[in-house]
Structures are given as structure tokens and as C-alpha cells.
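K.L.:
Go by the hints and put chain B onto chain A.
Top line first, the protein sequences correspond to chains A and B.
Be aware that the first sequence starts at 1, since it is given in the UniProt record's numbering, and climbs by one per residue.
Be aware that the second sequence starts at 1, since it is given in the UniProt record's numbering, and climbs by one per residue.
Source of the hints: derived by calculation from the structure; they are not laboratory data.
The C-beta atom is built at its ideal place from N, Cα and C for all residues, glycine as well.
A hint or two may mislead.
Just some of the chain A residues that point at chain B, by a computed CB distance under 8 angstroms [stated by the list, open to error]:
(1) A65
(2) F69
(3) L71
(4) T112
(5) E128
(6) R132
(7) E218
(8) V241
(9) S242
(10) M245
(11) E247
DSSO-like cross-link-like pairs, simulated, lysine-lysine; straight-line CA separation at most 27 angstroms [stated by the list, open to error]:
(12) B:K104 - B:K20
(13) A:K104 - A:K20
(14) B:K121 - A:K172
(15) A:K121 - B:K172
(16) A:K239 - B:K239
(17) A:K121 - B:K121
(18) A:K239 - A:K172
(19) B:K121 - A:K239
(20) B:K172 - B:K239
Simulated restraints, written as ranges between beta carbons of each label pair [claimed, not checked]:
(21) A:A228 - B:H177: 41 to 51 angstroms
(22) A:A228 - B:T29: 43 to 53 angstroms
(23) A:E100 - B:G210: 46 to 56 angstroms
(24) A:L125 - B:R123: 48 to 58 angstroms
(25) B:T29 - A:G210: 44 to 54 angstroms
2 protein chains.
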Amino acid sequence: MSLDHTTEGFRFDRDTRVDKRADGEFTATLTDAWNTFTTHPNGGYVLGAALNALRQGLNQPDPLAVSVFFLRPAAPGEATVRTEVVREGRRTATGQALMEQGGKEIVRATATYGDLTPDPKARVLTLEEPPRLPSPEDCFVPPEFDRPEGLGIAHSVEYRYPRRPAWLEGRKDGRPHAEFWMRFADGREPDTHSLASMVDFAPPAVLEIGEFATITVELSVHVRARPAPGWLACRVFTKHVSGGMHEEDMEIWDGTGTLVAQCRQLAMLL
Amino acid sequence: MSLDHTTEGFRFDRDTRVDKRADGEFTATLTDAWNTFTTHPNGGYVLGAALNALRQGLNQPDPLAVSVFFLRPAAPGEATVRTEVVREGRRTATGQALMEQGGKEIVRATATYGDLTPDPKARVLTLEEPPRLPSPEDCFVPPEFDRPEGLGIAHSVEYRYPRRPAWLEGRKDGRPHAEFWMRFADGREPDTHSLASMVDFAPPAVLEIGEFATITVELSVHVRARPAPGWLACRVFTKHVSGGMHEEDMEIWDGTGTLVAQCRQLAMLL
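Okay, chain A solo, but in the shape it has when bound:
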């Protein structure tokens, strides 16, 4: 399967590009354009490169379920991706991708792909509301995200908040729950492939309870529909902190009010 031509010129696709070296072996070059607070590349971005290799060998177009274990921090620079087709069935195809840097495995992702072509006959039941947000034009752009020397990811992704997050002012509002708009800064439209990465692009909800040092152990994402073009409405929240761990849920809804991706990660407080 070749890359979708409409996405070829965009940063996300350039920065997750993989070159095939042999069957099931690819080279990627991670950039610093997706670095977070931690000064490491965002995990969702790293996953994007791994899935870019994996999907080339699978006979289904859309990631349905992806689980990724983060084993060591990624660094900008060259990486090797090793892929395996685990099973191809009639409705789904499952594979696994390992990413290595410096000879060490840093990421292990398993994924089942399928076909999310809209089916007007399929049953739809939605027992939850999309985030209720003012239009993106009426929302707040965190100026910290515009600093030239700022976070890499804040130049690659645009965020719009209904009000200024307390953690940006050195306060904490005590509620680990945020809703905001998100899109790629260069106009790349979302698709099911990029959603599997974008579920990890939110500033952590636990910033609002004063927890700044958290690393993800595992992230599972379910992609539920092909997104409409335009801004994505996001909801990120944590309900349970205990034993030095917390979960973080992320939902992404498209502009038509359709849930397009659900994600949960387990993270460790440092």
C-alpha cells in the first residue's frame, strides 16, 4: 500500500517516513519537531513511524486497535523498524512492529487493521456527548506554544483552548480534565493513520494536579471512524491516581460530532 498522495508533502508524513531495507525491515529518522516537555519525541509520533512501516505489509487500510508499549525513551535520529504480519483474515489483519535505536528496542506496537469505509446500514449508538467547545476562532491559543524556542510539537500541532489552562500560569485547577481543539499546523488533514498518533498529542491531564513528570508504560487506541477534514475536538482526562500510576483517557471527535478515536494509557509518575 502506498502513502496517500494527499499527505505526502506534510511534516507528519515526512517525519514518519520509512525506507524499506529488506522484507520486514525499515529505516526511519526521528526528528525533534515532535519533542515534548521531556525533550524526547512524543510517543504518538514515534508510533506513527512504526505504523507507517507496519501498514505497508497489511491488506487492510485502517488501524482499528493499536497497543504500544514504550520500553525506552526515543531520541531524534535514526531508528530501525522490524515488522511482522501476524495474521491476515477476511475482515482484519494483525501485525507487530518493533522499533530499535542503538540496538535496543524502544517501542513494541501490535495492531489490528480493518476497513472503516462508512457503512450507512451499520448500527450507531452514541451514549456520550462530544466536547462542548466554542468555535476554534473564539478559543485561546497558548502563547507559550508559539515561542520559537518552544516545544517542537507545539510548532507541528495547533491547539485551541476555551480558556487559559491553569498549569500554563504555574497554577493547578485540581481537575485533571481538559477539552480543546487540535489539528496539524501545516494543514494536513486527519485520517485514521494519523489519529493513532494524535491520541497522544494532548498535554497530560495531570498537569492540572501538579504532576509534570509522567511517562507512559502502555497506550491502547481504538480508531472508530474515518474523520471529517478540519479541527478535531478532544477530551483528555484522568480519573484515578494511585500507587505512583495513573491512567489517561483521550477521545477525539471530528467536526461532525462523530467519535473517531478513543485511547487509554497507563503512565507512571516519576
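P.N.:
Just chain B now, kept in the frame of chain A:
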């Protein structure tokens, strides 16, 4: 790591027992005592055997995050489990287990283990209520679950509902949400190892919207604490059905009101 001696005589532990054949290779014998409606062994039970092999090679006691992809239906009978230690660090250990039957891979599970020894200094934040249930003695025992010829799993696991589920009467109440008590029928107490299986023991929430044929693609469980002995309070729910798929969330709380496990699966309607 040897099996906990207090669990050795119980059915769950007998039926998930594995015998080591070589480094990273084990034999299991799946029984029909955990069969569901589908007449296949419950996926959580199958996962239990895979984790029983995997945990023997890891230097941490408690599963923190487990993701399992169900590739083909399991059948009662012999199975091979192949395990791999992916990474052992200071706080966590990650491994992978593949289960095969008839030379075909049926289950691929990846897991990060850690140590959930209670830490009284750790921060605790709980922004959700446990299920509000009458005491188990005042709850309903589905008589269908007591038929001698009934579902295998209904003999191995005890369920107590606050009221009779509509789906048991051939009706549907339209709300895919249930709360109930659960425990092993033979008195085996829950622990973090068994929780990773028990999160899959709930009758599907979508039974209440008339969906009886659903198969799990992927299941992720986060074990959050070591459970107190006794009945477990469970909450199972689905919020989104679309494109022939639905997610199912399961929470397990122990009798002290502590969330001990969270699970989400992605399932496909047949």
C-alpha cells in the same frame, strides 16, 4: 517465580497451569469449564494461561498493563505458549506470550509487570464512585447460571445482580450498562494475576441492546491495586456502537471501594 501456594488447589489455577518444556516454551491444557455462550473458552481465561507462563520469566510480581489480541477462537485442549522477555528495568519488566493451537497462533499478549505493594506515601486521587450495589446476599443469582448443562464459566464464577438482567428474559432494556458482584465459585480469592482474566468474565453489556454475537479483537487491562479478599464490585458498559464495532469497558472494585482493575476491549459485531 513459583505459584502462590494459597491458590494451588483452585480451578482457575489448575485450569491455567502450564508445564515448561524448554526455555520460553510451555504446554497448557485449556478446559471447557470457562466456556461462554460462544462455546469457546472465555478470552480472559485463555489469557490467564498465557500470563501464567509469561510471569515465570519476569522479575516483577504484578501485571500493570496487559494488551491481548485475539486472533482465532480457542478450543478446549492442548496449547503451546511461547514467551519472550522483552525488557527488564528497575521498576518494570515487559514480556510477550503467544499461544498456539494446532500450529496456529490464537492469542498474542504483551504485558508490563511491576510491584503493586501498597505504598502509604503514594498520592491517591479517585474521581469516580464504585458501583452502588446492595450486599451480595441481597442480590439476584441468575438461575440460568445454575443449570448443570449451562455455561461452563457460570459454574466457575459466581455472579450477583441487583435485579434480573432483561436479556435473561429475552428482553433488552436498551442501556448497555451493568453493575454486579463477582467472585470465583470455589472460594479462590482474587489477586492481581487473576484480575487480568476476570476483567473479561462479564456478560457483554451489549446484550441489553440485543447484540448477542460479538467477538473481541483486542483487550487492554490496567491492574491498579492488589485486591482485598472477597466479592468484587464490577461495572461493565458500552458507550459507542458504530461501523460494526463497539468498545466495552469493565471496572473492578474490591470490597474496600478501591478500583483494582480497568479494562477496555474493542469488539466486532458478527
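K.L.:
Against each hint, give a clear statement of whether it holds in the structure.
P.N.:
Checked hints:
1. A65: 4 angstroms, holds
2. F69: 6 angstroms, holds
3. L71: OK, holds: L71 of chain A within 8 angstroms of chain B, min 5 angstroms.
4. T112: Holds, about 5 angstroms.
5. E128: 5 angstroms, holds
6. R132: 17 angstroms, violated
7. E218: 4 angstroms, holds
8. V241: 4 angstroms, holds
9. S242: Holds, because the Cβ-Cβ distance from S242 of chain A to chain B comes to roughly 5 angstroms (cut-off 8 angstroms).
10. M245: This hint holds: M245 of chain A lies near chain B, its Cβ roughly 7 angstroms from the closest one there, short of 8 angstroms.
11. E247: Status holds, d = 6 angstroms.
12. B:K104 - B:K20: Since the Cα atoms of K104 of chain B and K20 of chain B sit roughly 19 angstroms apart, the hinted pair holds (cutoff 27 angstroms).
13. A:K104 - A:K20: Roughly 19 angstroms between the alpha carbons, so the hint for K104 of chain A and K20 of chain A holds.
14. B:K121 - A:K172: 21 angstroms, holds
15. A:K121 - B:K172: Holds, at roughly 21 angstroms.
16. A:K239 - B:K239: 17 angstroms, holds
17. A:K121 - B:K121: The hint is violated at about 53 angstroms.
18. A:K239 - A:K172: 16 angstroms, holds
19. B:K121 - A:K239: 19 angstroms, holds
20. B:K172 - B:K239: 16 angstroms, holds
21. A:A228 - B:H177: 41 to 51 angstroms: 29 angstroms, violated
22. A:A228 - B:T29: 43 to 53 angstroms: At 50 angstroms between Cβs, range holds.
23. A:E100 - B:G210: 46 to 56 angstroms: 47 angstroms, holds
24. A:L125 - B:R123: 48 to 58 angstroms: At 37 angstroms between Cβs, range violated.
25. B:T29 - A:G210: 44 to 54 angstroms: This hint holds: roughly 51 angstroms between Cβ atoms.
Checked against the numbered hints above, the structure breaks hints 6, 17, 21 and 24 and satisfies the rest.
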